[in-house]
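Colleague: Given next are the chains, with one letter for each unit.
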Amino acid sequence: MDAVQLLSGAFLLVGAFFFIAGTVGLIRLPDRFSRLHALTKADNVGLGFIVLGLMPLAPDLFYGLKLVLVWLLVVIAGATGAHLIAKRALRGDGEDVL
Amino acid sequence: MYRHSVSAHPWAALSRAGGFALVWVVLVGPDLVSWIIGGPFVIAATLASLRLSEPRDRTLSLPSLVGFVPYFLWESLRGGLDVAARVLIPRMRVDPGNRTYRLRLRSPEARLVFIDSISLLPGTLSADLRGDLVTVHALDVRTDVVEGLRVLERRVAALFGESLEPVGDRTTAESSTPARGLVSDPPTHPEGRQ
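Keeping their order, the protein sequence lines are chains G and E. Under the numbering used here, the first residue of the first sequence carries the number 7, and numbering increases by one thereafter. Under the numbering used here, the first residue of the second sequence carries the number -12, and numbering increases by one thereafter.
It should be emphasised that the hints constitute simulated quantities derived from the structure, not laboratory data. Computed from a prediction, not measured in an experiment: that's the story for all the values here. C-beta atoms are modelled at their ideal positions from N, C-alpha and C, and glycine is treated no differently. Heads up, some of the hints might be wrong.
Heads up, incomplete: computed chain G residues facing chain E, CB under 7 angstroms, no partners named [stated by the list, open to error]:
(1) ALA9
(2) PHE17
(3) PHE39
(4) ALA85
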């Protein structure tokens, strides 16, 4: 195991930690707004570290670019989705499922 | 109607199609056969974007973007650590509540970047936007939410080359509350049905 793989593994573990923290937040936090906090931030940072960890293992530049693009799209979709869910919940004009 | 928007803004249509095609190539790889799927979707995405976002002159300040990226990444990391630290300890440190923030950004795209960034920064989540008022949900209302929002708003304004008007009298009048520019919880939606 060389240094690159070690570094890569470390980043992947950090990423996994943030996903676990996000899941714990989803379960423990008291209301749906607070749960959205945990989800958006943990997804953003967790996936960011996963992407960082996979980057050294990427076979070519194109692959690395794809990883960054995936992260960017997930971040935008996550933040926008969280805003829309919070807006619906706050205005109370959607179908209430909980 | 679609054809009209393409012929009215041929350069915008072309550059957007080029952008979407690039996204497709990066996601799928340089496989010619994939364009059976990719081609129609690039065209559909271009038409949709021309309809949803009218082409006009936008200025994105490149030096500000260079400054914004590390700021955004650093704040994201802080946001993730903050929420992890709050939920992982045995007695959670949360005191959720809503705050209202008066938005000074004007252009729709600057507002979009601001709204989305709020949710990724430590302790804040953009919950609603009505007119100029953003409802910000804070994981811990005891922290100073508004200072972070001001910094973010300044950064986004610089990004899009907007100048922010100084904080008006209406907001400074409420400076008896710890954070300037904040209206406290109840009147979240003056015009909304509660």
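Colleague: A separate judgement is required for each hint: does it hold in the structure or not?
Modeller: Tested hints:
no.: 1; hint: ALA9; result: violated (23 angstroms)
no.: 2; hint: PHE17; result: violated (13 angstroms)
no.: 3; hint: PHE39; result: holds (4 angstroms)
no.: 4; hint: ALA85; result: holds (4 angstroms)
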